[in-house]
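> Each chain, letter by letter, is given below.
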Amino acid sequence: MGNSLDDDRFFKVILSSIADGVFTVDSQRIITSFNSAAEKITGIPASQAIGKRCYEVFHADICEQGCLLEKTLQTGKESIDQPVSIVNSEGESIPISISTSVLRDADGQVLGAVETFRDLSTIEQLRKELFKNYSFEDIISKSPRIHKLFAILPDGAASDSTVLIQGPSGSGKELFARAIHNLSSRRTNNYVVINCGTLPVQLFESELFGYKAGAFTDAKKDKSGKIARADGGTVFCDEIGELPLSTQVKLLRLLQQREYEPLGSTSPVSVDIRVVVATNRNLKDLVAAGKFRDDLYFRIDVVRFDLPALKERREDVPYLVDHFIKLNNARRAKNIVSVSPEVMDILMRHEFAGNVRELENIIEYCFVVCHGNVIGREHLPAEIQETALPSDDSTERRIDPLSAAIDERSRIEVALKEHQGNKTRAARALGIDRTTLWRRLKRYGIGQS
Amino acid sequence: MAMTVAIPRFNDLVAPRFEVARYFVIARIDAAGKIERETVQCSGCVGLGRVQLLIDQRVDALICGGIRRVYRDLLSSRGIDVIDHAVGTVDTALDAYLRNDLQKEEESVSCLDQGPRIPLEDLICWTKELFTEHGYAVHDAADRALFPVDLVAEIKCPVCNKPLRIAICCGAHAYRCDQEIQQLHQVAGPDFHARVYVHPTTAQAQRCCLDYDIELLDPNRRFTACERPGSHRLPILQNAIPGHERAFARAPER
Chain A
1 MGNSLDDDRF
11 FKVILSSIAD
21 GVFTVDSQRI
31 ITSFNSAAEK
41 ITGIPASQAI
51 GKRCYEVFHA
61 DICEQGCLLE
71 KTLQTGKESI
81 DQPVSIVNSE
91 GESIPISIST
101 SVLRDADGQV
111 LGAVETFRDL
121 STIEQLRKEL
131 FKNYSFEDII
141 SKSPRIHKLF
151 AILPDGAASD
161 STVLIQGPSG
171 SGKELFARAI
181 HNLSSRRTNN
191 YVVINCGTLP
201 VQLFESELFG
211 YKAGAFTDAK
221 KDKSGKIARA
231 DGGTVFCDEI
241 GELPLSTQVK
251 LLRLLQQREY
261 EPLGSTSPVS
271 VDIRVVVATN
281 RNLKDLVAAG
291 KFRDDLYFRI
301 DVVRFDLPAL
311 KERREDVPYL
321 VDHFIKLNNA
331 RRAKNIVSVS
341 PEVMDILMRH
351 EFAGNVRELE
361 NIIEYCFVVC
371 HGNVIGREHL
381 PAEIQETALP
391 SDDSTERRID
401 PLSAAIDERS
411 RIEVALKEHQ
421 GNKTRAARAL
431 GIDRTTLWRR
441 LKRYGIGQS
Chain B
450 MAMTVAIPRF
460 NDLVAPRFEV
470 ARYFVIARID
480 AAGKIERETV
490 QCSGCVGLGR
500 VQLLIDQRVD
510 ALICGGIRRV
520 YRDLLSSRGI
530 DVIDHAVGTV
540 DTALDAYLRN
550 DLQKEEESVS
560 CLDQGPRIPL
570 EDLICWTKEL
580 FTEHGYAVHD
590 AADRALFPVD
600 LVAEIKCPVC
610 NKPLRIAICC
620 GAHAYRCDQE
630 IQQLHQVAGP
640 DFHARVYVHP
650 TTAQAQRCCL
660 DYDIELLDPN
670 RRFTACERPG
680 SHRLPILQNA
690 IPGHERAFAR
700 APER
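If you read the protein sequences in the order shown, they are chains A and B.
If you're matching positions, the first sequence starts at 1 in this note's numbering and goes up one per residue.
If you're matching positions, the second sequence starts at 450 in this note's numbering and goes up one per residue.
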């Protein structure tokens with residue numbers, strides 16, 4: 001390292017090659033340098049960040065109270081690995097851990113401070129998956145229909161009334177149920193899930209209400225049920241439409257009187273629970289068919305959320321695709337950037353019988369077979385490729401190639417003639433870009449003689 | 450027209466984060482333009498509580514710093530205009546908004562308007578020929594680590610004769626050009642003197658290229674005679690390369 005110019009370049013190369021975000025500020029907390037990883041994590045280019053105050057760029061939850069850089073500048077003390085959340089350029093909350101240190105010149109005078117930060121999104125995402133700790137903020141949607149539901153979510157959550165969530169499989173019913181619990185005053189207490197579709201009739205009562213010692217063979221001591229565990233919290237009864245009639249009456253009693261009798265007990269037990277139920281079936285139809293008790297239906301249909309199928313909110317597909325790409329990059333340590341425009345077209349047209357879960361599975365499959373940075377049509381599961389509705393392009397491809405070529409050549413010639421050889425206008429008339437027209441002209445040798 | 454504007458406040462400034470701001474300034478502007486301000490304390494109130502507060506206050510617009518997308522979308526769905534990433538004092542932000550100088554951030558993602566779609570192979574073929582015709586030596590970027598760089602063009606500076614390397618990405622790999630541009634910026638580092646993104650001009654492509662100092666090359670642009678080989682003007686490129694500014698001097702019109 002000979003002179004300061006070389007030193008400067010040398011340090012810039014080092015800073016741009018490390019995975020942690022690094023930036024420096026002067027004594028007024030104005031950003032003076034911003035490395036490549038900082039750009040990547042915040043989504044803000046260095047050209048925009050440099051010259052701004054750090055809080056104008058990071059929007060961290062500690063900017064107002066407890067800014068660590070300010071503390072470091074004031075006291076000269078460093079801080080290490082402090083968890084913080086920032087908001088990136090797209091409005092996503094990014095958990096990071098930050099370390100700060102003061103910068104001094106050769107005479108020991110404070111020049112400013114340096115902050116390094118590490119993106120913890122992957123760890124946080126995996127933690128959420130592991131503990132199923134999703135919140136309202138994790139629901140990804142741009143759909144006006146979902147936003148209408150968002151708008152009533154706080155009131156619905158605060159009311160303590162029984163909530164019915166209806167929607168097809170994979171539409172996010174459990175996410176809404178968790179959001180209701182997390183937004184309610186019961187959020188510090190238990191959230192207990194009961195899958196009514198998988199619970200055998202014989203076990204329903206003992207699982208839910210527990211039993212007393214001696215209630216049946218092998219019942220050697222008292223065992224509390226799920227309802228007791230949810231006391232003070234929320235019970236989420238999934239797939240309530242699958243509940244047999246014989247057990248529906250027991251649930252009805254619980255909802256009406258907020259009390260139950262453990263098996264083998266002679267006295268009822270009171271319980272303080274909030275009940276959220278979900279189904280992918282139309283309960284009204286089940287009532288009409290005599291498969292669901294009408295008194296239970298009216299007891300649970302107090303606050304209702306009807307979740308739309310994914311095909312009814314196609315505008316969410318790109319956001320969900322982005323989300324699942326990020327999720328799978330974290331799970332599989334890959335670096336897939338995006339899907340190709342063609343894949344997005346296919347996904348935007350797909351019916352998604354399995355809703356968001358199906359989209360998640362498709363992206364997961366693509367991650368297994370894609371070894372590049374962009375998911376292409378060839379990476380999609382075969383059945384998606386086959387069932388993809390034909391686009392204008394693919395219709396063209398199915399036609400006999402020779403006649404299609406002759407047809408295309410003559411269409412181009414006619415378009416050029418009609419527009420006196422003006423390629424821009426001819427391309428517009430043909431519905432293709434000028435670049436594509438140029439390539440077709442080359443292919444067919446038009447206008448080259 | 451009478452309206453109500455909310456601004457989260459931190460000292461005199463627009464608070465950096467909507468979800469944790471302790472105070473909100475609620476400014477009510479009557480039809481005559483008279484402004485009445487009130488400060489509402491908000492500490493201890495979670496994100497959705499803040500949304501409810503703004504709804505209860507019948508706010509028409511929120512000017513804030515950072516805000517999570519979910520709250521921004523929720524407020525928008527309730528008819529509240531959200532202007533985020535605002536900086537400066539509360540007073541200047543409010544003045545600018547009332548003067549119509551604060552614009553809403555454009556959506557970064559739109560699946561419906563991605564500009565004209567050009568097949569990638571067409572774009573690569575066209576770009577390769579364009580650069581070759583203008584005197585560049587062009588080869589495919591074989592290194593996968595360089596994704597999304599498709600082509601590397603090399604030429605000697607017409608003024609100083611030093612070799613110049615240009616990374617070219619033909620923007621048709623991914624459905625979001627902002628992601629592609631950011632990726633190009635990440636991989637095409639100091640080894641390259643210039644980075645070029647080939648894509649039809651859209652507002653998003655223009656803004657992203659400007660942000661990352663990448664030249665946007667529109668395949669529909671016309672190339673003038675002064676860019677032809679043999680002149681002292683570096684062909685095709687329009688953004689001056691640092692240290693080679695003289696190669697970008699405008700040639701006299703014939």
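Hints listed in this document are in silico derivations from the structure and should not be mistaken for laboratory results.
Every residue gets a Cβ at the ideal spot worked out from N, C-alpha and C, and that includes glycine.
Careful: at least some of the hints might be erroneous.
Each pair of labels, with its calculated beta carbon distance range [to be verified]:
#  : chain 1 : residue 1 : chain 2 : residue 2 : range
1  : B       : R527      : A       : N190      : 28 to 38 Å
2  : A       : F10       : B       : D550      : 21 to 31 Å
3  : B       : D530      : A       : V249      : 26 to 36 Å
4  : B       : R527      : A       : D218      : 48 to 58 Å
5  : B       : L659      : A       : A19       : 18 to 28 Å
6  : A       : R304      : B       : D530      : 52 to 62 Å
7  : B       : R471      : A       : G372      : 24 to 34 Å
8  : A       : T387      : B       : R527      : 34 to 44 Å
9  : B       : D667      : A       : R377      : 21 to 31 Å
10 : B       : R656      : A       : N422      : 43 to 53 Å
11 : A       : D301      : B       : D550      : 32 to 42 Å
12 : B       : A451      : A       : R304      : 45 to 55 Å
> Note whether the CB distance of R471 of chain B and G372 of chain A lies within 24 to 34 Å or breaks it.
At roughly 48 Å between Cβ atoms, G372 of chain A and R471 of chain B fall outside 24 to 34 Å, so the hint is violated.
> Hint says 18 to 28 Å; check whether the CB-CB distance for L659 of chain B and A19 of chain A agrees.
Between L659 of chain B and A19 of chain A, where Cβ atoms are some 26 Å apart, the hint holds.
> Within 48 to 58 Å: is that where the Cβ-Cβ distance between R527 of chain B and D218 of chain A falls?
The hint (48 to 58 Å, Cβ to Cβ) holds, given that R527 of chain B and D218 of chain A are roughly 56 Å apart.
> Is it true that D301 of chain A and D550 of chain B lie within 32 to 42 Å of each other by Cβ?
50 Å, violated
> For the pair A451 of chain B and R304 of chain A, does the Cβ-Cβ distance stay inside 45 to 55 Å?
Distance hint for A451 of chain B, R304 of chain A is violated at roughly 36 Å.
> D530 of chain B and V249 of chain A, beta-carbon distance inside 26 to 36 Å?
Because 52 Å falls outside the window, the suggested range is violated.
> Is 28 to 38 Å a correct range for the gap between the Cβ atoms of R527 of chain B and N190 of chain A?
32 Å, holds
> Given a hint of 21 to 31 Å, does the C-beta separation of D667 of chain B and R377 of chain A actually sit inside it?
Given range 21 to 31 Å: holds, Cβ gap about 26 Å.
> Please test the hint of 34 to 44 Å on the beta carbon pair from T387 of chain A and R527 of chain B.
Holds, at about 38 Å.
> Taking 43 to 53 Å as the hint, is the beta-carbon distance of R656 of chain B and N422 of chain A inside that range?
Because 30 Å falls outside the window, the suggested range is violated.
> A range of 52 to 62 Å was offered for this pair. Does it hold for the Cβ distance of R304 of chain A and D530 of chain B?
Violated: the Cβ-Cβ distance is about 30 Å, outside 52 to 62 Å.
> Does the hinted range 21 to 31 Å hold for F10 of chain A and D550 of chain B at CB?
Check failed, 42 Å falls outside 21 to 31 Å.
Hint compliance for this structure: hints 2, 3, 6, 7, 10, 11, 12 are broken, all remaining hints hold.
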